Amino acid sequence: MRIIRYREALREAMVEEMERDADVFLMGEEVGHYQGAYKVSEGLLERFGERRVIDTPIAEAGFAGVGVGAAMVGLRPIIEFMTWNFSFVAFDQIVSNAAKIHSMSGGAIRCPIVFRGPNGAAKQVAAQHSHTVEALYTHFPGLYVVAPSTPRDAKGLLKASIRDENPVIFLEGETLYGVKGEVADEGVDEVVPIGKGRVAREGDGCTVITWGRPYYTVMEAAERLAADGIELDVIDPRTLRPLDEELMLASVRKTNRCVVVHEHWPYGGPGAQIVDVIQREAFDYLDAPVLRVAGLDVPMPYASNLEDLVLPTVDRVVEAVRRVSYLGA
Amino acid sequence: MTLDSEELFNLYRRMLLIRRFEEEAARAYAQSHAGGFLHLYIGQEAIAVGASAAMAESDYVFQTYRDHGIALARGMAPGAAMAELFGKDTGCSRGMGGSMHFFDVEHGFYGGWGIVGGHLALAAGTAFKSRYRGDGAVTICFFGEGATNIGGFHEAFSLAGLWKLPVVFICENNRYAMGTPLSRTSPLTDLTLKAQGYGMAADGFVGSDVSVVKERVATAVKRARDGEGPTFIEIQTYRFRGHSMSDPAKYRSREELEERKKDDPLAVTRAQLEAAGAEVARFDEIEEAVEREVAAAVEFAHDSPPALEQTMLDTVLVKGQS
Ligand SMILES: Cc1ncc(C[n+]2csc(CCOP(=O)(O)OP(=O)(O)O)c2C)c(N)n1
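First to last, the sequence lines map onto chains A and B.
Just so you know, the numbering used here puts the end of the first sequence at 329, numbered straight through with nothing missing.
Just so you know, the numbering used here puts the end of the second sequence at 322, numbered straight through with nothing missing.
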């Protein structure tokens with residue numbers, strides 16, 4: 001094992017897959033000469049050349065569609081959105097074309113494509129640049145949605161996503177790029193399967209299910225709660241569609257309590273989907289209603305004092321866990 | 001020079017106000033009083049000020065996230081602009097929008113938009129309203145050359161051209177879309193050619209002389225007001241700073257930047273005024289006044305209360321409906 005950053009883990013996954021398969025290429029805004037808006041693709045242009053590391057004009061619908069078309073006839077595009085906020089102008093290509101072509105063609109055509117980029121709020125970038133998009137893209141059958149929280153999962157899941165025969169929505173995080181963590185040694189081909197979650201911390205006090213940036217908020221809350229004698233069982237689903245239902249249910253059957261923590265808005269989305277699974281499949285095991293800690297139901301404000309109110313915090317996680325444990329604040 | 005020197009002094013003062021405002025904004029950002037993305041307009045001031053001078057008070061304006069310049073040119077109070085950067089309740093968007101999302105309805109300034117290409121159709125929309133009601137207003141919409149490749153540009157042009165809407169589209173071609181030079185995003189070097197495909201009039205010129213900007217934009221504004229349809233104007237310019245505060249601008253050389261700074265719109269206008277006999281004392285006076293105005297704006301921003309939770313909760317939807 002080595003310690004590397006999340007962004008380096010992603011870069012390694014792309015390099016290794018591009019070395020392995022000549023049909024894999026990277027396309028997006030500023031991915032080449034500029035070395036990536038968030039430096040994820042640093043050095044890739046120099047290594048693979050302009051044929052495989054392709055800078056585009058600002059034309060998301062165009063290059064997303066070019067990716068889908070190329071994938072339909074055998075290439076394996078990695079399409080980078082500078083941030084997922086800009087995928088909205090390419091929404092039609094993703095949901096009407098990529099997500100539909102296999103089914104609509106009666107299985108004749110495949111679309112092995114990865115759409116990737118940073119998801120969620122950064123810092124004070126306001127309403128149009130702070131979207132957390134998993135609630136949108138998990139809605140559509142025909143897409144996988146992956147959201148790794150750690151460098152190890154980022155690398156392993158990106159490799160799996162590139163190799164998969166289906167369109168994959170790959171959600172990174174601007175605030176995660178600098179996170180350091182253990183990743184398998186160079187030369188070890190560690191692939192993390194799509195659809196498999198991970199127990200991030202074991203405990204019997206309360207299940208907390210979380211991913212993305214709030215994962216780190218929860219891990220911090222777990223430390224604080226442990227000091228009060230409450231041990232969290234933290235489940236990171238890693239893939240948001242399909243969900244690893246068995247892993248989450250096994251945890252809830254053990255702890256009898258559950259809190260779901262996510263950055264996306266509370267209306268629908270994987271947060272609500274997880275609660276649906278748990279109340280349906282583990283109803284008899286629950287000692288308390290399943291609670292959610294979510295982003296507040298407002299467009300993201302610019303002012304930092306307000307942004308701090310919108311995003312899930314350690315305090316809000318602690319409070320929710322104490323409530324399902326019937327403990328006072 | 002077609003402007004009398006009093007008017008030119010006024011335009012110079014406006015440009016200087018924008019320049020000094022933004023230098024202070026950059027300082028506030030470095031001191032963490034402002035956050036998020038901050039895109040400076042430094043180097044492009046003649047466009048906002050010249051175009052503004054060519055418009056009527058009741059006209060509408062749209063801009064990208066690089067919006068401080070046009071907001072101030074239209075008459076936004078510098079204090080309200082600075083307070084917005086500081087995330088204060090007294091900001092022009094009450095701390096909800098920040099640098100990228102200035103709004104000032106009173107001065108016809110309808111934003112401050114973050115998604116490339118997204119606001120062009122909105123400008124066609126306010127122009128549509130003007131024609132619908134016959135109110136005689138014109139809309140001016142600014143965007144970068146990078147935006148001329150995205151669907152939003154082409155669809156807005158399709159409709160504005162077809163319906164001959166009273167709108168002037170101004171492309172501020174500052175040579176780079178973030179780190180990408182025009183040569184790598186377009187096979188054209190003359191972007192005005194794009195207008196033809198939409199049956200739209202076009203103009204193109206260098207934008208370092210505020211008088212030229214005013215005159216040429218005025219022609220397009222008149223055309224729109226007279227019901228003769230939209231114009232696409234490509235104005236050649238250059239930004240002296242990075243794309244945003246986080247961009248070190250390594251993609252261009254020091255020499256290139258220095259060369260372009262010779263066309264600094266402030267220097268160009270100052271030289272014109274000096275050639276016409278303006279005295280140094282007059283410039284000193286203007287500088288002192290602008291200094292005081294900007295310092296007052298910073299102080300106002302510092303002293304203002306932070307943005308309110310109530311504003312955030314009450315503005316999701318219009319209150320008191322259904
Ligand atoms: C649809 C979309 N894609 C990408 C971005 C990220 N982005 C912001 S500004 C910018 C460059 C724009 O360049 P240009 O249009 O020339 O305007 P300038 O910034 O030079 O004024 C990019 C790629 C965005 N805001 N919206």
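Hint data in this document are derived by calculation from the structure and do not stem from the laboratory.
Only a predicted model underlies this, so the values are computations on that prediction, with no experimental measurement involved.
Possibly wrong hints are sitting among the right ones.
Claimed, not checked - Lysine to any residue pairs mimicking SDA-like chemistry, simulated, CA-CA at most 20 angstroms apart:
1) B:K250 <-> A:E42
2) A:K159 <-> A:Y34
3) A:K39 <-> B:P181
4) B:K250 <-> A:Y34
5) B:K250 <-> A:Q35
6) B:K250 <-> A:K123
7) A:K123 <-> B:R252
8) A:K123 <-> B:M245
9) B:K250 <-> A:K159
10) A:K39 <-> A:E17
11) A:K123 <-> B:H33
12) A:K100 <-> B:P181
13) A:K123 <-> B:Y29
14) A:K39 <-> B:L308
15) A:K123 <-> B:A26
16) A:K39 <-> B:A249
17) B:K250 <-> A:G43
18) A:K123 <-> B:L308
19) A:K123 <-> B:S244
20) A:K39 <-> B:Q31
21) A:K39 <-> B:K250
22) A:K39 <-> B:A28
23) A:K123 <-> B:A30
24) A:K123 <-> B:A28
25) B:K250 <-> A:L296
26) A:K39 <-> B:S244
27) A:K123 <-> B:D89
28) A:K123 <-> B:P181
29) B:K319 <-> A:K123
Each hint tested on the structure:
no.	hint	verdict
1	B:K250 <-> A:E42	holds (14 angstroms)
2	A:K159 <-> A:Y34	violated (24 angstroms)
3	A:K39 <-> B:P181	holds (19 angstroms)
4	B:K250 <-> A:Y34	holds (9 angstroms)
5	B:K250 <-> A:Q35	holds (11 angstroms)
6	B:K250 <-> A:K123	violated (24 angstroms)
7	A:K123 <-> B:R252	violated (28 angstroms)
8	A:K123 <-> B:M245	holds (14 angstroms)
9	B:K250 <-> A:K159	violated (31 angstroms)
10	A:K39 <-> A:E17	holds (18 angstroms)
11	A:K123 <-> B:H33	holds (13 angstroms)
12	A:K100 <-> B:P181	violated (36 angstroms)
13	A:K123 <-> B:Y29	holds (13 angstroms)
14	A:K39 <-> B:L308	violated (35 angstroms)
15	A:K123 <-> B:A26	holds (17 angstroms)
16	A:K39 <-> B:A249	holds (14 angstroms)
17	B:K250 <-> A:G43	holds (15 angstroms)
18	A:K123 <-> B:L308	holds (18 angstroms)
19	A:K123 <-> B:S244	holds (14 angstroms)
20	A:K39 <-> B:Q31	violated (25 angstroms)
21	A:K39 <-> B:K250	holds (14 angstroms)
22	A:K39 <-> B:A28	violated (26 angstroms)
23	A:K123 <-> B:A30	holds (15 angstroms)
24	A:K123 <-> B:A28	holds (16 angstroms)
25	B:K250 <-> A:L296	violated (39 angstroms)
26	A:K39 <-> B:S244	holds (16 angstroms)
27	A:K123 <-> B:D89	holds (19 angstroms)
28	A:K123 <-> B:P181	violated (28 angstroms)
29	B:K319 <-> A:K123	violated (28 angstroms)
When held up to the earlier numbered hints, the structure conflicts with 2, 6, 7, 9, 12, 14, 20, 22, 25, 28, 29 and fits the remainder.
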